[in-house]
Amino acid sequence: MSFRKTGKASLLMAAALFYAMPPMAAGDDGDDASLRQRLDILEQRLEATAEMLEDQSRKEGHGTGGRTTLGGYGELHYRRLANQRQGGDDLEEMDLHRFILFLGHEFDDRIRFFSELEVEHALAGAGANGEVAMEQAYLEFDVHPGHVLRAGLLLIPAGIINETHEPPTFYGVERNPVETRIIPSTWREGGVALSGEPGSGWRYDLAVHSGLALASGDDYAIRKGRQDGGNARADDLAYTGRIQWLGLAGLELAATILYQADASQGEDPSVGDALMVEAHGSWRHGGLGLRALYARWRIDGDGPEKLGADRQDGWYVEPSYRFTSRAGVFLRYSVWDNQAGGGGGSEYGQIDAGVNYWPHPDVVVKVDYQDQDAPAGQDEFDGFNVGVGYQF
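Note that my numbering gives residue 330 to position 330 of the sequence shown, counting from 1, and the numbers run on in steps of one.
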């Protein structure tokens, strides 16, 4: 029999003994004193049993103590997009885009573990375009009041949605194309990071982590160069620093710098160092909201320069209005270019407009329309998207 079952049995037996005691006649001082003594003893035993049960509850599960937390998020998308390029294929699909499980554990009041396991596009394996991957898995240590050290698979501290991208937290069915193609979200790497809040609304992040592995076969596109912590080449590590200011309610201002000495991890002698700068602002006041972001990469070397990939940048602005606690509308204009160093003709533009409906704060239904402007000869998709998402 487990300790918990034994403890419950003891508690029930003690209660039974109390109710089984014969009633005492009123006015008998000796009997009254005896009854009070018996009640005091019973109360002490009940308190001791309750403490043992509480202690056992804390110790259940793996390890020797602490608290384990389970959570997650996910989203289903329906996309109906017409390809404006002559002879191009339309995009009409239903996709369980993401299913993520979160597992966290508090070892004590200063050491914690966080992890997220992700399934994309429902199916993974031979012939399927989905994947099963770790999105993050790291230990967090309190090193000083207001300052923490993290080690493991970390989300890179850049942009608005790379660290916070649960479906109920942003407008639009798909994540915005600038933070997808340029930053690129979701970007995680293995490493260590120090974060803190020195005061007056300021926050900082300093990280050393595995970096990009850009390749000519992918036109040196930033998104294709992510290593995501899986057998990642670490010939040259990347260094990231971010500063945030949250000194006014509803306002966030932030800037990030990332530097890597060799953006190809020694695989391509025509590739040199890489530098990313990013700045953004996010503001909410009542129902009004505004997000704006700019990000730019400078990649040294003859290889990227020949393709115009030595400069890759993008920006977007997104006003929104939440007219009730359950519904809001947005408009977003995005511009991005992964070959901006080539002299023009490679820039994308996109307008998105739509509505979010939250039947519950952690559940969202989304509908939006996109109008895309693509470079000559590239797929250009216009149409609507519908999505449902959740977090818990």
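Simulated from the structure, these hints should not be mistaken for laboratory data. There could be a bad hint or two in this list.
[To be verified] For each label pair, taking beta carbons as the anchor points, the in silico distance ranges come out as: (1) G377 with P198: 43 to 53 Å; (2) V192 with L46: 45 to 55 Å; (3) Y369 with R85: 12 to 22 Å; (4) G345 with A279: 20 to 30 Å; (5) G377 with L246: 20 to 30 Å; (6) T164 with F384: 23 to 33 Å; (7) D95 with W245: 52 to 62 Å.
The C-beta atom is built at its ideal place from N, Cα and C for all residues, glycine as well.
The hints, checked one at a time:
Taking the beta carbon of each, G377 and P198 are about 50 Å apart, inside 43 to 53 Å as hinted. About 49 Å separates the C-beta atoms of V192 and L46, a value consistent with the hinted range of 45 to 55 Å. Checked against the hint of 12 to 22 Å, the C-beta distance between Y369 and R85 comes to roughly 19 Å, which is consistent with it. For G345 paired with A279, a C-beta distance near 26 Å keeps the hint of 20 to 30 Å intact.
Against the hinted window of 20 to 30 Å, the Cβ-Cβ separation of G377 and L246 comes to about 44 Å, which falls outside the hint. Checked against the given bound of 23 to 33 Å, the beta carbons of T164 and F384, roughly 25 Å apart, stay inside it. A beta carbon spacing of about 38 Å between D95 and W245 contradicts the range 52 to 62 Å that was offered as a hint.
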